[in-house]
Each structure stands twice: as structure tokens, then as C-alpha cells.
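Protein chains: 2
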Amino acid sequence: MNHVYSIILAGGSGTRFWPASRRTQPKQLLRLSSETDRSLIGSTLSRILPVCDATRIYVATGEHLVNQTREHLPELSESAFLAEPVARNTAPCIGWATRIIERRDPDAVVFVIPSDQHVSSRPGFQKAVRVALNSAESGIITTIGITPTRPETGYGYIEVGAPLENPVSRVARFVEKPDLAKAKEYQASGRFLWNSGMFFYRAKDMTDAIRKHVPLLAQGLDEIDAAAKLGPAIELEATRRIFPTLPSVSIDVGVLEKQSTLNVVQAEFGWNDLGSFASIWEHGATDAQGNVAPTDAVLVDARDNLVYAQSSQKRVIALLGVSDLCVVETDDACLIMPRERAQDVRAIVDAIAAQGRKDLL
Amino acid sequence: MNHVYSIILAGGSGTRFWPASRRTQPKQLLRLSSETDRSLIGSTLSRILPVCDATRIYVATGEHLVNQTREHLPELSESAFLAEPVARNTAPCIGWATRIIERRDPDAVVFVIPSDQHVSSRPGFQKAVRVALNSAESGIITTIGITPTRPETGYGYIEVGAPLENPVSRVARFVEKPDLAKAKEYQASGRFLWNSGMFFYRAKDMTDAIRKHVPLLAQGLDEIDAAAKLGPAIELEATRRIFPTLPSVSIDVGVLEKQSTLNVVQAEFGWNDLGSFASIWEHGATDAQGNVAPTDAVLVDARDNLVYAQSSQKRVIALLGVSDLCVVETDDACLIMPRERAQDVRAIVDAIAAQGRKDLL
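If you read the sequences in order, they're chains Y and F.
If you read the first sequence in the working numbering, its first letter stands for residue 1, the second for the next number, and so on.
If you read the second sequence in the working numbering, its first letter stands for residue 1, the second for the next number, and so on.
Do not take every clue at face value.
In silico PhoX-like links for lysine-lysine, alpha-carbon gap of 20 Å or less [as the list claims (entries may be wrong)]: (1) Y/Lys314 with F/Lys314; (2) Y/Lys358 with F/Lys314; (3) F/Lys358 with Y/Lys314.
It is worth saying that the hints were derived from the structure and are not from the lab.
Taking the hints into account, I'd like the entire structure generated from these sequences.
Spelled out as C-alpha cells, the structure:
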């Protein structure tokens with residue numbers, strides 16, 4: 001498929017994995033999964049290279065993150081990196097990147113993928129992607145939905161609609177993160193899938209959908225398009241000027257949920273969003289006592305803990321008689337919390353921000 | 001009292017407070033109590049100076065600890081430091097130091113005090129010491145016993161015998177660390193006191209008691225005494241040669257428990273042995289949530305924790321949703337355990353020793 005392009009979404013505020021993640025080192029730049037020896041974004045790139053040529057892959061990230069991000073993706077050329085002047089949520093970012101691709105190839109089929117997820121079955125992943133690309137080529141924006149393996153309350157769901165050719169169906173609707181009772185219902189019903197955040201479309205279909213659902217965004221992108229015809233310096237100036245004025249809305253809320261017809265490819269390939277340190281423990285390699293920890297940690301009567309040590313000083317972490325903790329250590333901070341509080345790390349980040357200690361953010 | 005001398009006991013293996021304490025930095029060199037801004041041994045010295053002139057205070061410590069220890073005690077001259085060539089428990093140490101004092105002043109009254117304890121009422125302490133010194137001057141080895149304020153299982157006890165002039169009594173017997181049921185009995189009975197580890201005697205009485213109960217020790221000390229008459233170089237040579245041959249026994253087991261007549265001064269002055277990090281929490285200044293922590297720690301939903309940070313790097317410690325933990329941090333290690341496991345730190349030290357990581361001990 002010579003017209004396949006990919007947009008890797010690589011923004012991120014770096015709060016959920018503090019202190020490992022920071023404003024200038026968000027989650028996707030960390031080695032949080034055992035999928036490869038690379039950071040999450042490096043794993044993501046190596047996972048999509050078999051279905052998308054490196055010359056047709058783009059990485060959308062913040063201006064302040066471009067340099068660090070490039071170091072993780074040596075397979076890509078400098079022109080692959082699209083620097084958003086400011087973060088305006090996903091619809092402006094995807095709409096803008098899609099226009100850049102469309103100018104290059106009006107017949108492009110685009111594959112949008114987050115940079116910070118874990119996949120354990122790459123063949124399963126690549127098969128689902130190929131099915132989704134075929135579906136998108138028919139002119140219908142297409143998502144991948146993951147068969148739930150547990151009543152997860154941390155993900156959005158997609159309700160499956162009318163079946164098409166297996167494993168493709170129409171999307172009935174998107175649903176927000178449920179409570180536990182709802183999540184159990186969803187899993188039992190067999191009609192709900194996890195929203196993977198990946199989607200596929202012909203560039204022109206997304207441009208049309210944005211024009212229909214977020215006309216102000218389309219108008220801004222038209223202006224950047226017009227500037228681009230006058231050369232790169234003018235394009236850059238226009239992008240920096242116009243981007244901050246674009247409506248800040250997510251692609252899900254602004255476009256996908258308003259689109260009358262969407263397809264979903266149902267799949268299972270050991271997908272995980274790695275939403276918190278608790279997920280890192282769930283997907284990590286445990287010792288006989290259920291601990292995920294560096295080999296030089298000293299563990300006595302310690303069970304089911306995560307130790308994530310990023311310190312360059314090789315400080316030894318010793319746990320005595322503790323269970324179900326997350327211990328996260330860097331050169332300048334050490335966070336200790338129960339695994340079940342791992343989704344609340346933001347409370348610590350907020351407390352640090354309130355104290356004005358910007359060096360720690 | 002011109003004949004009052006003091007021996008501060010400052011050995012210690014540095015295991016109970018790992019990673020803050022190390023082989024070359026035992027507990028008494030740490031600032032573990034709020035009694036003063038000094039280390040425990042510094043607090044001890046400043047506590048006894050009102051009852052014992054600095055020129056009559058000796059510090060018995062290991063050869064490998066003399067230099068570090070001197071830095072904590074600038075009030076004392078170089079000759080105050082008695083370096084044990086090897087650690088042979090307390091009876092040889094006290095017997096030897098007592099002989100040194102006795103050679104200087106045959107009428108000396110000696111006051112032995114551990115270097116690693118906490119006292120909250122210094123007037124109460126000094127009053128008890130003066131009573132004990134008076135009792136010792138009568139020719140009876142005298143201890144201080146602390147009225148129990150809780151059923152403590154971590155201390156040895158003294159059973160009070162026949163009353164003398166209040167607050168002095170005879171000692172009925174010493175008892176080992178009890179279990180909780182026994183400790184409750186002891187506290188309820190009113191007849192049992194905590195063994196403070198402080199005791200008082202005329203130098204000649206201790207020399208006699210050692211000759212009676214541990215004759216091999218007396219014999220070794222006689223040899224060192226004889227060598228001392230021939231000059232300091234010969235004394236040093238004899239000490240280094242003879243000390244390792246002395247019987248390794250504690251002053252309690254070897255001498256005090258065998259002595260038919262002992263006195264005890266009953267006292268209360270906010271005494272604590274600071275046996276583990278749990279004691280540091282009990283005696284520390286807590287915030288409204290019961291945490292004892294540095295002011296730059298970030299605490300969210302955290303209750304009744306101890307954070308002891310000795311790191312020179314000012315790494316921030318963040319606790320989210322944890323209770324009753326001890327977190328102890330140094331430049332090269334971080335230990336996390338429940339407060340109730342604080343007396344088991346040795347298990348971590350043993351695990352590290354078993355791994356051959358001597359740099360951490």
C-alpha cells in the first residue's frame with residue numbers, strides 16, 4: 001500500500017508517571033514496557049515500520065520536545081517531526097498533520113497511533129492494522145477496538161453496531177470511562193470494546209469531517225495550507241500565528257463522535273494503555289514474590305511491589321515487609337505510594353506545583 | 001564533686017539504623033533526636049557537662065571510630081578518647097576505662113552512660129545522676145531505673161528490692177526483655193523499672209567487682225596497668241596485645257547481675273533508648289497528620305510516617321496515600337518498611353552482606 005502514512009501522537013504532559021516523567025520527558029520517552037529495549041515511542045515506531053515506510057511516518061509533538069523525541073527515533077529523518085507551536089488538544093494536531101500529508105499525497109490513507117502504548121502480539125497488531133487500513137480505503141473512518149479482558153474503568157469504550165465483514169463492524173457509539181459496575185456489564189455483554197485511540201482514514205475524509213464538524217478548525221487549517229503554497233518560511237510563520245487560535249478540542253469529541261458512520265475493527269493483541277505505574281507492574285516481569293524490581297534491589301518479606309529506578313546513581317532500594325507499593329526513584333525525587341493509588345500521582349504533581357518547585361515538574 | 005568522672009560508651013555496629021548508620025557511622029553519630037541540634041553523642045555530652053567537668057570525661061570507642069567521634073565532641077581534648085583495639089563487649093571496655101581513671105584518681109566516682117539515648121527533661125536527668133553519684137559514693141554500685149510509661153518489650157527491666165532513702169532502693173534482680181504479656185505485668189506491678197544502661201560506682205568498687213566475678217579480665221587489666229607504669233608506648237603495645245584476649249562479656253551479665261548488692265535510683269526524665277526508627281517517629285515532631293518528615297517532603301494523604309533523609313542531594317521524598325511507613329534515605333540507599341518492622345532492619349543488612357556488597361555496610 002504505497003499511500004499509507006502514519007501520524008504518531010507524541011505530546012503529553014508528563015504527570016501520570018512523575019517523577020520518572022516530566023514536562024520535558026513525558027511518558028512516551030520512558031522505557032516503561034518490556035515490548036522492546038526502547039522507550040515506548042521507540043517501540044511504537046518499530047511496531048509500525050512493517051506496515052508503513054519510514055519515509056511516510058510523521059511524529060506530532062510539542063516544540064519543546066522535538067529534540068529529545070528525535071533521539072529516540074533514529075530511523076526517521078528531520079522532516080518527520082511536526083512541532084506543534086502550542087498544545088491545542090488532538091483535533092488541531094491531527095487535522096494539521098493530515099493537511100501536511102494530503103498536500104504531499106492527495107490519495108493518502110492515514111493511520112493515527114498514540115506513542116505511549118504497549119502491544120504484546122505484534123503479528124496480531126499488524127493484522128488488525130491492515131484490516132483497518134482496508135476499511136479506511138473504502139471511505140469510512142475506522143478505529144481499532146480491543147476485546148476487554150477485565151472490567152477496566154480507566155479506558156473509554158466503543159459500543160459495536162451492525163456487523164460488516166468480520167472483524168469489522170459499524171460503531172454504535174463511544175462511551176466515557178465507566179464505573180466498575182458498568183465496566184463489568186460492558187465486558188459481560190460482548191458488545192463493548194476498549195477504545196485503543198488508533199484510527200485510520202483517507203486524508204480527504206478527515207479533512208471533510210473536520211470541515212463539517214469543526215468549521216473554525218478547517219478555516220484555520222485552510223489559512224496554513226494557503227501559506228504553505230508560498231514557501232516554508234511563510235508556512236512556519238502562519239503555523240505559529242494560527243495554531244494558537246485553533247479550537248482546542250479532542251478528535252474524539254470534536255470529530256469522531258459526531259461522525260454518522262464509523263467502522264471499528266475488533267482485535268486482541270495484548271494491547272495496554274499503560275495508564276499508570278500499576279499497569280507497569282501488571283505488565284512487568286515479576287520475581288517469585290510478585291515484585292517487579294531492578295536486580296540490585298534488596299527485597300526481604302516484600303510482595304507484589306513495583307520498584308522503578310531511573311536514578312543514574314545506582315542507589316540501592318531496600319524493601320522490608322512491604323506489599324503492593326510503587327516506589328519510583330529518579331536523581332531528584334522518590335515517590336512512594338500503594339499500587340492502588342498509582343492513578344492519583346497528579347495529586348503529588350499538583351502539590352509540587354502549588355509549592356512553586358518548578359525544577360521538579 | 002571533684003572526683004566525678006564519666007565514661008561515655010560509644011561503640012556500636014551500625015545495623016539498627018541502616019542505611020543511615022554504617023560500620024563507620026554508628027547510631028550515636030547520627031542526629032536522630034530533637035534533644036539538641038547535635039548528634040546523639042553530642043547531645044549526651046552536653047547533657048552531662050553540668051554534672052561532670054569536660055576534663056574528667058572519657059569516650060570509649062573503637063579505633064576505627066575515633067576520628068569521626070572527635071568531630072562530634074569539640075569540647076573534649078584528644079586524651080579523652082579511649083580507643084578499644086577490638087570490640088570485646090562492655091565489661092572489658094568499662095573495666096579498662098575504669099583502670100585508666102583509677103590510675104589518675106584513686107578516689108574517682110565513675111558515671112557510665114551510653115552515647116545513643118534520648119532525654120527530654122535535662123533537670124530530671126541531672127537530679128537523678130546526682131542522687132546516683134551519692135549512692136555510689138557509699139560504696140554500692142548504683143544504676144538508674146526508669147519508671148515504665150508503656151509495656152515496652154524492647155528493654156531489659158530491673159526489679160526493685162528493699163527501699164532505701166527515696167528514690168533509692170536495692171536491686172532485687174535484672175530481667176531480660178519480656179514478651180508483651182510480661183511487659184504489661186511489669187508495668188502494672190509498679191515494681192519493675194527500665195534498665196537505662198547508666199551506672200555509677202567508685203572506681204575501686206568496680207575494680208574489686210571485676211576481680212571477684214571475672215578474674216581473667218582483672219588479670220588482663222592488671223597487666224595493662226603494669227605496662228602503663230613503664231610509659232605510654234609500652235602501655236599502648238600492651239593494650240593492643242592484651243585487649244583481644246580479654247573475655248568478651250557484657251558488664252550486666254558478667255558483673256552487675258552477679259553482684260550481691262546494687263542500688264537503683266528510680267527516675268522519670270523522658271528517657272528513651274531510641275532502639276529503632278520506630279522510636280525516632282515516636283519521639284519526633286509530627287505534623288497534623290502524624291508524619292515526622294523533612295519540611296521539603298511532599299505528603300498527600302499520608303499519615304503517621306517517618307521520613308528520615310540524610311541524602312546530601314536534597315532529593316525530594318513524595319508520599320501518596322501511605323501510612324505507618326519508615327522511609328530512610330541516604331546518598332547510596334533508600335529503605336522502605338512498615339514502622340512495625342523497624343526492629344528487623346538487620347534482615348536487610350544481612351541480605352546485603354550475603355550479597356557481598358560491603359560498600360553498603
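Against the structure, the hints:
Annotation: proposed proximity of Y/Lys314 to F/Lys314 holds, straight-line Cα distance about 16 Å (limit 20 Å). Distance check on the hinted pair: Y/Lys358 and F/Lys314 sit about 15 Å apart at the alpha-carbon level, within 20 Å; holds. The straight-line distance between the Cα atoms of F/Lys358 and Y/Lys314 is roughly 15 Å, inside the 20 Å bound, and the hint therefore holds.
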